[in-house]
Amino acid sequence: MIYLMLISTVIAASLNSICMKKAKLSTNAIFSFNLLVSAVWLVIAFVVRGGGLTLNGSVIFWGAVYGITQFLFILFKTASMNAGPVSVTTLIGNASLLISVCVSVIAWREAVTAIDIVGLTLLLLAIFLCTYKKSNEAYKPKWKYLTIAFCIFAAAVGLVFKAFGKTSNITYRDDMLVIASAVMLLLYSVFCLFKRSLQTKNAPKPGVWFFVSALLCGILSYFYNRSNMLLADTLDAIIFFPAFNGGVVLLSAVLSVGFCKEKLSAKQSIGILIGVLAICIIGMF
-6 MIYLMLISTV IAASLNSICM KKAKLSTNAI FSFNLLVSAV WLVIAFVVRG GGLTLNGSVI
54 FWGAVYGITQ FLFILFKTAS MNAGPVSVTT LIGNASLLIS VCVSVIAWRE AVTAIDIVGL
114 TLLLLAIFLC TYKKSNEAYK PKWKYLTIAF CIFAAAVGLV FKAFGKTSNI TYRDDMLVIA
174 SAVMLLLYSV FCLFKRSLQT KNAPKPGVWF FVSALLCGIL SYFYNRSNML LADTLDAIIF
234 FPAFNGGVVL LSAVLSVGFC KEKLSAKQSI GILIGVLAIC IIGMF
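So that you can map any letter, position 203 of the sequence shown is 196 in my numbering, and since no number is skipped, the others follow by simple counting.
Some hints here could point you the wrong way.
What the hints assert, rightly or not - Below, computed lysine-lysine pairings styled on BS3-like, alpha-carbon distance capped at 27 Å:
1. LYS137 with LYS127
2. LYS127 with LYS260
3. LYS17 with LYS198
4. LYS14 with LYS137
5. LYS254 with LYS126
6. LYS159 with LYS15
7. LYS17 with LYS127
8. LYS14 with LYS260
9. LYS254 with LYS14
10. LYS126 with LYS137
11. LYS188 with LYS135
12. LYS254 with LYS137
13. LYS127 with LYS256
14. LYS126 with LYS15
15. LYS17 with LYS126
16. LYS127 with LYS15
17. LYS126 with LYS260
18. LYS256 with LYS126
19. LYS14 with LYS159
20. LYS17 with LYS254
21. LYS159 with LYS17
22. LYS135 with LYS17
23. LYS256 with LYS17
Calculated from the structure, these hints are not laboratory results.
With the hints as extra help, turn the sequences into a complete structure.
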(Lines of atoms letter the chains of each structure in order from A and count residues from 1; the text may use other names and numbers.)
(Lines give C-alpha, C1' and ligand atoms only; values in the text may rest on other atoms or scores of the structure.)
Protein backbone atom coordinates (compact mmCIF):
# COMPACT_ATOMS: atom_id res chain seq x y z
CA MET A 1 0.00 0.00 0.00
CA ILE A 2 2.80 2.44 0.88
CA TYR A 3 4.43 1.92 -2.52
CA LEU A 4 1.12 2.54 -4.28
CA MET A 5 0.94 5.83 -2.40
CA LEU A 6 4.49 6.63 -3.52
CA ILE A 7 3.58 5.93 -7.15
CA SER A 8 0.47 8.12 -6.87
CA THR A 9 2.49 11.03 -5.45
CA VAL A 10 5.00 10.77 -8.29
CA ILE A 11 2.13 10.86 -10.80
CA ALA A 12 0.50 13.84 -9.05
CA ALA A 13 3.78 15.78 -8.83
CA SER A 14 4.54 15.07 -12.49
CA LEU A 15 1.08 16.26 -13.58
CA ASN A 16 1.63 19.34 -11.44
CA SER A 17 4.85 20.05 -13.36
CA ILE A 18 3.01 19.66 -16.68
CA CYS A 19 0.26 22.08 -15.57
CA MET A 20 2.86 24.67 -14.62
CA LYS A 21 4.68 24.21 -17.90
CA LYS A 22 1.44 24.61 -19.85
CA ALA A 23 0.69 27.81 -17.90
CA LYS A 24 3.90 29.39 -19.34
CA LEU A 25 4.48 31.56 -16.32
CA SER A 26 6.66 34.65 -16.45
CA THR A 27 9.02 35.43 -13.56
CA ASN A 28 6.60 37.91 -11.99
CA ALA A 29 3.60 35.61 -12.54
CA ILE A 30 5.25 32.71 -10.68
CA PHE A 31 4.74 34.40 -7.32
CA SER A 32 1.15 35.45 -8.05
CA PHE A 33 0.54 31.88 -9.20
CA ASN A 34 1.91 30.44 -5.95
CA LEU A 35 -0.14 32.96 -3.98
CA LEU A 36 -3.27 31.40 -5.49
CA VAL A 37 -1.91 27.87 -4.95
CA SER A 38 -1.37 28.70 -1.26
CA ALA A 39 -4.97 29.91 -1.03
CA VAL A 40 -6.18 26.63 -2.54
CA TRP A 41 -4.07 24.73 0.00
CA LEU A 42 -5.63 26.67 2.85
CA VAL A 43 -9.17 25.93 1.67
CA ILE A 44 -8.46 22.21 1.11
CA ALA A 45 -6.72 21.88 4.48
CA PHE A 46 -9.72 23.34 6.30
CA VAL A 47 -12.12 21.12 4.34
CA VAL A 48 -10.07 18.01 5.15
CA ARG A 49 -10.03 19.01 8.82
CA GLY A 50 -13.80 19.49 8.73
CA GLY A 51 -13.43 23.13 9.70
CA GLY A 52 -11.72 22.26 12.98
CA LEU A 53 -8.08 22.75 13.88
CA THR A 54 -5.81 21.15 16.46
CA LEU A 55 -2.94 23.39 17.46
CA ASN A 56 0.07 22.70 19.63
CA GLY A 57 3.63 23.97 19.75
CA SER A 58 4.95 21.34 17.35
CA VAL A 59 2.22 21.88 14.74
CA ILE A 60 2.69 25.65 14.78
CA PHE A 61 6.50 25.44 14.72
CA TRP A 62 6.80 22.94 11.86
CA GLY A 63 3.97 24.59 9.94
CA ALA A 64 5.78 27.92 10.08
CA VAL A 65 9.12 26.30 9.20
CA TYR A 66 7.62 24.50 6.23
CA GLY A 67 5.78 27.60 4.99
CA ILE A 68 8.98 29.67 5.09
CA THR A 69 11.03 26.85 3.55
CA GLN A 70 8.60 26.36 0.67
CA PHE A 71 8.54 30.12 -0.02
CA LEU A 72 12.36 30.32 -0.04
CA PHE A 73 12.54 27.23 -2.26
CA ILE A 74 10.34 28.91 -4.91
CA LEU A 75 12.18 32.23 -4.51
CA PHE A 76 15.67 30.81 -5.02
CA LYS A 77 14.55 28.37 -7.71
CA THR A 78 13.10 31.25 -9.74
CA ALA A 79 16.06 33.55 -9.11
CA SER A 80 18.69 30.92 -9.96
CA MET A 81 16.95 29.88 -13.19
CA ASN A 82 16.82 33.53 -14.27
CA ALA A 83 20.51 33.99 -13.50
CA GLY A 84 21.87 31.01 -15.45
CA PRO A 85 21.07 28.04 -17.71
CA VAL A 86 17.80 26.35 -16.76
CA SER A 87 19.09 22.84 -17.55
CA VAL A 88 22.16 23.10 -15.31
CA THR A 89 20.16 24.74 -12.53
CA THR A 90 17.51 21.99 -12.73
CA LEU A 91 20.24 19.34 -12.58
CA ILE A 92 21.78 20.85 -9.46
CA GLY A 93 18.35 21.25 -7.86
CA ASN A 94 17.55 17.56 -8.38
CA ALA A 95 20.92 16.61 -6.90
CA SER A 96 19.52 17.92 -3.61
CA LEU A 97 18.43 14.36 -2.87
CA LEU A 98 22.07 13.69 -1.92
CA ILE A 99 21.75 16.27 0.87
CA SER A 100 18.45 14.75 1.99
CA VAL A 101 19.90 11.25 2.18
CA CYS A 102 23.10 12.35 3.97
CA VAL A 103 21.21 14.38 6.58
CA SER A 104 18.83 11.48 7.23
CA VAL A 105 21.71 9.04 7.66
CA ILE A 106 23.45 11.36 10.13
CA ALA A 107 20.41 12.68 12.02
CA TRP A 108 18.25 9.56 12.21
CA ARG A 109 20.81 6.77 11.74
CA GLU A 110 19.10 5.41 8.65
CA ALA A 111 20.96 2.61 6.92
CA VAL A 112 22.45 2.81 3.43
CA THR A 113 23.87 -0.28 1.74
CA ALA A 114 26.45 -0.61 -1.02
CA ILE A 115 23.74 -1.57 -3.53
CA ASP A 116 21.82 1.58 -2.52
CA ILE A 117 24.87 3.67 -3.41
CA VAL A 118 25.09 1.94 -6.80
CA GLY A 119 21.42 2.67 -7.44
CA LEU A 120 21.79 6.29 -6.30
CA THR A 121 24.77 6.79 -8.60
CA LEU A 122 22.79 5.38 -11.54
CA LEU A 123 19.86 7.65 -10.68
CA LEU A 124 22.09 10.74 -10.68
CA LEU A 125 23.41 9.66 -14.08
CA ALA A 126 19.82 9.27 -15.30
CA ILE A 127 18.88 12.75 -14.04
CA PHE A 128 21.93 14.16 -15.80
CA LEU A 129 20.98 12.51 -19.08
CA CYS A 130 17.36 13.67 -18.80
CA THR A 131 17.95 17.29 -17.81
CA TYR A 132 21.36 18.49 -18.93
CA LYS A 133 21.70 20.39 -22.19
CA LYS A 134 24.63 22.46 -23.37
CA SER A 135 23.80 26.13 -23.28
CA ASN A 136 25.48 29.31 -24.48
CA GLU A 137 23.51 31.31 -21.94
CA ALA A 138 25.72 33.54 -19.84
CA TYR A 139 26.04 32.94 -16.11
CA LYS A 140 25.42 35.95 -13.92
CA PRO A 141 28.00 36.27 -11.10
CA LYS A 142 25.35 35.62 -8.44
CA TRP A 143 24.10 32.43 -10.15
CA LYS A 144 26.28 30.01 -8.19
CA TYR A 145 25.17 31.44 -4.85
CA LEU A 146 21.50 31.43 -5.84
CA THR A 147 21.78 27.83 -7.10
CA ILE A 148 23.43 26.65 -3.91
CA ALA A 149 20.57 28.19 -1.93
CA PHE A 150 18.04 26.57 -4.33
CA CYS A 151 19.64 23.17 -3.80
CA ILE A 152 19.67 23.56 0.00
CA PHE A 153 16.02 24.59 0.23
CA ALA A 154 14.99 21.89 -2.27
CA ALA A 155 16.46 19.35 0.15
CA ALA A 156 14.99 21.15 3.17
CA VAL A 157 11.40 20.75 1.91
CA GLY A 158 11.50 16.96 2.29
CA LEU A 159 13.65 17.06 5.42
CA VAL A 160 11.07 19.24 7.18
CA PHE A 161 8.48 16.55 6.46
CA LYS A 162 10.74 13.87 7.89
CA ALA A 163 11.62 15.95 10.95
CA PHE A 164 7.93 16.66 11.60
CA GLY A 165 7.16 12.94 11.48
CA LYS A 166 10.06 12.14 13.80
CA THR A 167 9.14 14.76 16.42
CA SER A 168 5.35 15.02 16.16
CA ASN A 169 2.20 12.98 15.64
CA ILE A 170 1.89 12.54 11.86
CA THR A 171 -1.91 12.50 12.17
CA TYR A 172 -1.68 16.26 12.69
CA ARG A 173 -0.26 16.80 9.20
CA ASP A 174 -3.39 18.58 7.96
CA ASP A 175 -3.21 20.97 10.90
CA MET A 176 0.45 21.59 10.10
CA LEU A 177 -0.44 22.26 6.46
CA VAL A 178 -3.09 24.82 7.53
CA ILE A 179 -0.37 26.78 9.33
CA ALA A 180 2.09 26.28 6.45
CA SER A 181 -0.37 27.46 3.79
CA ALA A 182 -1.32 30.49 5.89
CA VAL A 183 2.36 31.42 6.26
CA MET A 184 2.95 30.96 2.52
CA LEU A 185 -0.14 33.01 1.72
CA LEU A 186 1.17 35.84 3.88
CA LEU A 187 4.70 35.72 2.44
CA TYR A 188 3.54 35.56 -1.19
CA SER A 189 1.07 38.41 -0.57
CA VAL A 190 3.80 40.68 0.79
CA PHE A 191 6.17 39.70 -2.00
CA CYS A 192 3.55 40.24 -4.73
CA LEU A 193 2.65 43.66 -3.34
CA PHE A 194 6.32 44.60 -3.39
CA LYS A 195 6.80 43.32 -6.95
CA ARG A 196 3.63 45.08 -8.11
CA SER A 197 4.95 48.40 -6.86
CA LEU A 198 7.92 47.95 -9.20
CA GLN A 199 5.88 47.01 -12.27
CA THR A 200 4.58 49.30 -14.98
CA LYS A 201 0.85 49.91 -15.33
CA ASN A 202 0.87 48.18 -18.73
CA ALA A 203 1.86 44.77 -17.34
CA PRO A 204 -0.22 41.97 -18.97
CA LYS A 205 -3.12 40.60 -16.97
CA PRO A 206 -3.42 36.85 -16.32
CA GLY A 207 -5.87 34.88 -18.47
CA VAL A 208 -8.41 32.23 -17.55
CA TRP A 209 -5.90 29.38 -17.92
CA PHE A 210 -3.71 31.05 -15.28
CA PHE A 211 -6.45 30.65 -12.67
CA VAL A 212 -7.44 27.16 -13.86
CA SER A 213 -3.81 26.03 -13.68
CA ALA A 214 -3.42 27.52 -10.20
CA LEU A 215 -6.49 25.58 -9.03
CA LEU A 216 -5.26 22.32 -10.57
CA CYS A 217 -1.74 22.78 -9.23
CA GLY A 218 -3.11 23.66 -5.80
CA ILE A 219 -5.11 20.42 -5.66
CA LEU A 220 -2.31 18.24 -7.06
CA SER A 221 0.46 19.77 -4.95
CA TYR A 222 -1.59 19.58 -1.75
CA PHE A 223 -2.28 15.91 -2.42
CA TYR A 224 1.30 14.87 -3.07
CA ASN A 225 2.77 17.01 -0.28
CA ARG A 226 0.26 15.65 2.23
CA SER A 227 1.13 12.10 1.13
CA ASN A 228 4.85 12.86 1.17
CA MET A 229 4.66 13.78 4.85
CA LEU A 230 3.56 10.24 5.64
CA LEU A 231 5.98 8.67 3.14
CA ALA A 232 8.96 10.63 4.48
CA ASP A 233 8.12 9.44 7.98
CA THR A 234 7.54 5.81 6.94
CA LEU A 235 10.27 5.17 4.36
CA ASP A 236 14.02 5.52 4.77
CA ALA A 237 15.48 8.51 2.96
CA ILE A 238 17.49 6.31 0.59
CA ILE A 239 14.19 4.93 -0.74
CA PHE A 240 11.86 7.93 -0.51
CA PHE A 241 13.94 10.81 -1.89
CA PRO A 242 15.45 9.00 -4.91
CA ALA A 243 12.13 7.34 -5.76
CA PHE A 244 10.14 10.58 -5.52
CA ASN A 245 12.64 13.09 -6.95
CA GLY A 246 13.93 10.73 -9.61
CA GLY A 247 10.47 9.42 -10.43
CA VAL A 248 9.14 12.94 -10.99
CA VAL A 249 12.04 13.84 -13.32
CA LEU A 250 11.58 10.67 -15.37
CA LEU A 251 7.78 10.71 -15.56
CA SER A 252 7.68 14.45 -16.29
CA ALA A 253 9.99 13.87 -19.24
CA VAL A 254 7.65 11.18 -20.58
CA LEU A 255 4.47 13.19 -19.97
CA SER A 256 5.98 16.23 -21.69
CA VAL A 257 5.98 14.24 -24.92
CA GLY A 258 2.23 13.69 -24.77
CA PHE A 259 1.01 16.92 -23.18
CA CYS A 260 3.58 19.47 -24.35
CA LYS A 261 4.52 17.89 -27.69
CA GLU A 262 8.17 17.71 -26.72
CA LYS A 263 10.51 15.16 -28.26
CA LEU A 264 12.81 12.95 -26.25
CA SER A 265 16.38 12.74 -27.45
CA ALA A 266 18.23 9.44 -27.52
CA LYS A 267 20.17 10.61 -24.45
CA GLN A 268 16.95 11.31 -22.53
CA SER A 269 15.44 7.96 -23.52
CA ILE A 270 18.54 6.17 -22.24
CA GLY A 271 18.38 8.28 -19.09
CA ILE A 272 14.78 7.22 -18.43
CA LEU A 273 15.66 3.54 -18.80
CA ILE A 274 18.67 3.92 -16.48
CA GLY A 275 16.50 5.85 -14.01
CA VAL A 276 13.85 3.14 -13.87
CA LEU A 277 16.58 0.54 -13.31
CA ALA A 278 18.14 2.69 -10.55
CA ILE A 279 14.86 3.15 -8.69
CA CYS A 280 14.20 -0.61 -8.90
CA ILE A 281 17.68 -1.33 -7.48
CA ILE A 282 17.22 1.10 -4.58
CA GLY A 283 13.69 -0.05 -3.78
CA MET A 284 14.12 -3.80 -4.13
CA PHE A 285 17.55 -4.54 -2.64
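Hints and how they fare:
no.	hint	in the structure
1	LYS137 with LYS127	holds, 17 Å
2	LYS127 with LYS260	holds, 13 Å
3	LYS17 with LYS198	holds, 13 Å
4	LYS14 with LYS137	holds, 24 Å
5	LYS254 with LYS126	holds, 18 Å
6	LYS159 with LYS15	violated, 37 Å
7	LYS17 with LYS127	holds, 22 Å
8	LYS14 with LYS260	holds, 22 Å
9	LYS254 with LYS14	holds, 12 Å
10	LYS126 with LYS137	holds, 18 Å
11	LYS188 with LYS135	holds, 20 Å
12	LYS254 with LYS137	violated, 32 Å
13	LYS127 with LYS256	holds, 17 Å
14	LYS126 with LYS15	holds, 21 Å
15	LYS17 with LYS126	holds, 20 Å
16	LYS127 with LYS15	holds, 24 Å
17	LYS126 with LYS260	holds, 10 Å
18	LYS256 with LYS126	holds, 14 Å
19	LYS14 with LYS159	violated, 34 Å
20	LYS17 with LYS254	holds, 14 Å
21	LYS159 with LYS17	violated, 38 Å
22	LYS135 with LYS17	holds, 25 Å
23	LYS256 with LYS17	holds, 18 Å
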